[in-house]
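Build out the structure end to end from the sequences listed, making use of the hints.
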Amino acid sequence: AQKITQTQPGMFVQEKEAVTLDCTYDTSDPSYGLFWYKQPSSGEMIFLIYQGSYDQQNATEGRYSLNFQKARKSANLVISASQLGDSAMYFCAMRSPNNDMRFGAGTRLTVKP
Amino acid sequence: GAVVSQHPSWVICKSGTSVKIECRSLDFQATTMFWYRQFPKQSLMLMATSNEGSKATYEQGVEKDKFLINHASLTLSTLTVTSAHPEDSSFYICSARWEDYEQYFGPGTRLTVT
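Respectively, the protein sequence lines represent chains U and Y.
Under my numbering, think of the first position of the first sequence as 1, with each following residue one higher.
Under my numbering, think of the first position of the second sequence as 1, with each following residue one higher.
Please keep in mind that the hints were generated in silico from the structure rather than gathered at the bench.
Just so you know, not all the hints are guaranteed correct.
[Claimed, not checked] Taking lysine to any residue and the SDA-like style, the derived pairs with C-alpha atoms no more than 20 Å apart in a straight line are:
1. Lys3(U) x Leu46(Y)
2. Lys64(Y) x Glu52(Y)
3. Lys16(U) x Ser82(U)
4. Lys41(Y) x Met11(U)
5. Lys41(Y) x Gln69(U)
6. Lys64(Y) x Phe91(Y)
7. Lys3(U) x Thr49(Y)
8. Lys16(U) x Thr60(U)
9. Lys41(Y) x Ala105(U)
10. Lys41(Y) x Pro40(U)
11. Lys41(Y) x Thr7(U)
12. Lys41(Y) x Pro9(U)
13. Lys112(U) x Lys3(U)
14. Lys70(U) x Gly52(U)
Since this is a predicted model, take the numbers as computed values, not measurements.
Structural data, given as C-alpha cells:
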C-alpha cells in the first residue's frame, strides 16, 4: 500500500525567503512518481512539480525545486523567494504505474509581508 | 496542459434530493477517471476509480449505491449523489488521464446540502 505523510499542518515564511515543505512516502513499487500541487482558496489543484523514482537529478520548475532523497523516501518541496501569492495549501502526492494518485494531509503555507 | 471541466462548479440542494456532477476531458480521451472528495481543511480522499465502459471501483467505506458513477464515454464521467444529506456537503474533484499518462484535475464542485 502507498502512504504519503506531510507532518507540517501549517508553515509561515517571510516574503522573499525560501521555505521547505516536508513530504515522506512509503511504497513497495520500484517505479513511482511524486507530485506537488498547490491549492488556493478557489479549490483548484495546480500542478507544481514532478519527480520520477528513476530520475537521477532533482526536479526544478522556476522557483520550485524538489529535494528527492530516495533512500530516505522523502520528497520535500523547496520554494525560493516566497511571494504573497504563494499562500495556499500544498499537497504532496504519489502514483505508481496503473495506480491512482494518493495525497498527503497537506500543509498550509502563509507568506508574511 | 490538458483541460478537465466540471459542472456545476457549485450546487445547493435540499436533503433527500439527488445531485449529478459532470466531469469532462475537453481535449483528450480519458480512459480512467477518478473522483475525490475533500472536506474543509482536509486532504483529497479518493472515492472511486472508473474506466470507460466498465463499473467503477469504489474505495473502502464509500457507498456505491449512494455515489453512482457512470463513465459512459471517453470524455465524460458523472457522479450522482443520491438522497443527499448535509454530511455529504463537500468539495468534489474529478481527475482524468489517458492510459498511464499524466493525470489532470478538474476545478471541483462545491456541494452544499441543506
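Quick rundown of the hints versus the structure:
| no. | hint | verdict |
| --- | --- | --- |
| 1 | Lys3(U) x Leu46(Y) | holds (13 Å) |
| 2 | Lys64(Y) x Glu52(Y) | holds (17 Å) |
| 3 | Lys16(U) x Ser82(U) | holds (5 Å) |
| 4 | Lys41(Y) x Met11(U) | holds (14 Å) |
| 5 | Lys41(Y) x Gln69(U) | violated (28 Å) |
| 6 | Lys64(Y) x Phe91(Y) | holds (18 Å) |
| 7 | Lys3(U) x Thr49(Y) | holds (18 Å) |
| 8 | Lys16(U) x Thr60(U) | holds (18 Å) |
| 9 | Lys41(Y) x Ala105(U) | holds (9 Å) |
| 10 | Lys41(Y) x Pro40(U) | holds (12 Å) |
| 11 | Lys41(Y) x Thr7(U) | holds (15 Å) |
| 12 | Lys41(Y) x Pro9(U) | holds (10 Å) |
| 13 | Lys112(U) x Lys3(U) | violated (31 Å) |
| 14 | Lys70(U) x Gly52(U) | holds (10 Å) |
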